[in-house]
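Protein chains: 2
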Amino acid sequence: MTAPFAFDLLATDGRARRGTITTPHGVVRTPAFMPVGTQGTVKAMFMDDVRATGADVVLGNTYHLMLRPTAERVAKLGGLHRFANWPHTILTDSGGFQVMSLAQIRKLTEQGVTFQSHIDGSKHEMSPERSIEIQGLLGSDIQMQLDECLRLPASRAEIDRAMRLSLRWAARSRQKFEAMGGPGLGQGLYGIVQGGDDADLRATSARELSAMPFEGYSVGGLAVGEPQAVMLAMLDIVCPLLPEAKPRYLMGVGTPDDIVESVARGIDQFDCVMPTRAGRHGLAYTRFGKINLKNARHADDPRPLDESSDCPALRDYSRAYLHHLVRTGEALGAMLLTWANVAYYQSLMLGIRDAIEARRYADFVAETKAGWARGDLAPIG
Amino acid sequence: MTAPFAFDLLATDGRARRGTITTPHGVVRTPAFMPVGTQGTVKAMFMDDVRATGADVVLGNTYHLMLRPTAERVAKLGGLHRFANWPHTILTDSGGFQVMSLAQIRKLTEQGVTFQSHIDGSKHEMSPERSIEIQGLLGSDIQMQLDECLRLPASRAEIDRAMRLSLRWAARSRQKFEAMGGPGLGQGLYGIVQGGDDADLRATSARELSAMPFEGYSVGGLAVGEPQAVMLAMLDIVCPLLPEAKPRYLMGVGTPDDIVESVARGIDQFDCVMPTRAGRHGLAYTRFGKINLKNARHADDPRPLDESSDCPALRDYSRAYLHHLVRTGEALGAMLLTWANVAYYQSLMLGIRDAIEARRYADFVAETKAGWARGDLAPIG
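Here the protein sequences come in this chain order: B and S. Counted the way UniProt numbering counts, the first sequence spans residues 1 to 381. Counted the way UniProt numbering counts, the second sequence spans residues 1 to 381.
Since the hints were made in silico from the structure, they are not lab data. No residue lacks a Cβ here, since even glycine has one placed at the ideal position from N, Cα and C. Careful, some of the hints might be misleading.
Among the chain B residues that face chain S by a calculated CB cut under 10 Å, a handful are [said to hold, decoys possible]: (1) 121; (2) 317; (3) 331.
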């Protein structure tokens, strides 16, 4: 028998929380950062290396996977864990965000969305039920309800309408998830708080969702271009309204600074393409802040990005070599910097978790920010 | 004190030779295939993985490295071995081939070549002496003389002229190599046999070079589009004229079939972009022959490329997943297939070496070719 989906709160420090999520594929230490594996691969990384950085969970994108290779094919091949050689926890989004950002939408109705693939123009239907069906076929451990992701800015009336539609879709998603047997499989379904940058609508969304029996709660529609202060203000409103005993996932966030600030407000899970995308563009996130390896200052620098790291990508390759790889467009540059960034993000999460356990989170944040503010090593003589 | 460059012939079977080359950075088991690390990286692979496939030596391209990051910079950073995190043997070409194929040549004279970089149009000079100087700055263990690489077809008079110029450049290269202290450092310099597809000119080149004191001999200007039979006919002429006690390197070759046939004619070293380039284009070289992972027949196939391999890339990833990665253009597809191809080439060389030791090389070739001819696994029911 499969153990039920569980969240255990192990320690708190202020509103920051240290816990574990137990899924059919392992234990996720929270606060957790989930590297993005859009199409069943964390771009330019081997899954063994992703795991070795300390990641307990990766994210898969329902929209991309439903188009290629299709959820039915992944199911026939034994599910996404086996397909992608990742035997640990997988979280999937609902597909809604990419349907609304990448595809050409044909029609949005109460029932769902009709859209055309951005790849070949083929027509597809997405509904709350179909999204859960796909996530079930993929074998996702942590699933998301379909929601309507508005493009901002939008009027209050529009935000209100989309938020209420998302609530109705939440209920339908839950029903389908239970019909699929998700709870019995130990899987979890998260409801998604919407409401744009409107405090009242955010509060309404959080309250209504909290009354429904989800295994966790996501905060969606943030980090879409608004100032960080707005995002944090929304978290200040939303987090206290969400059930203490359930994990909270801030979708699509963010910079290291966004993460430490959001943890301080009670967020437990994060995902973002930033570390992987930046790695493909010659940028490294480190304890010295953000480093642009394209910069000529690195051309003659024999020092690694961070000699104190235990990640080979940060420790064993000179800045001069990384600079050369980035400048010449070599694949190894993207491979090493992606790896370095995922490793830094995971080491940040480890530090966050340890600090909460030790009830010194505020000090940890101050020290970490001081490190970023000091900036990179001085150039070599 | 550094041990001198050495070649030890351990066994022969017909004209096939099993030996070892000892350089300042290790022992190279021959026949050897040398993965191409053009710009200080074997494209899309970690050097640790290159090593783990069984490679004892990689090739670096003088032309590319002299332009970026420059030989002087590499030298200041401790040499190419340290720069590229490859502490084992490195062979470099002279730069001549790329000067004549990639760059815009301004002038070819007795003295050398003036050319413009294909990257930024900057003007550079290359001479036999400068090529050796660069290879010395890189710290190359096995260096090549500068030669003139003709574009074929060319008249006999042109081939003759270029071959004789290359002989004079061989002598100047040797002089510079000794002035740089190469022999005392345990490094080796190879002369390059030219002569196009002309048996007499090939023989002349081989005889004249054999009279000069090189640590090894390369055969250049083959596998440039001529039928395999022409290439093998040239080897039948050239190899018997080269010193028995020195290694022989067939430059830029080739397919697995080219390799087994050339070993049978007395060749000890090979390099080729084929396994790495094919890996970036969705093609796998395996004991079942060449497999095109783009082909839809793999879309639902849960089997790995070769379950009997001890290379993770060949053994641990389904064809369906590889197909998906290739079709979606994911970097991991190129990473895995490059790795698989380099691993297959190295396992082929291991089989070749074992077969020569066991004096069953002809049987090994017949078995290996039968495997390729049988082709890929039957599609799954």
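Exercise. Quick check: which numbered hints come out false for this structure?
Worked result: Of the numbered hints given earlier, the structure breaks just one, which is hint 1.
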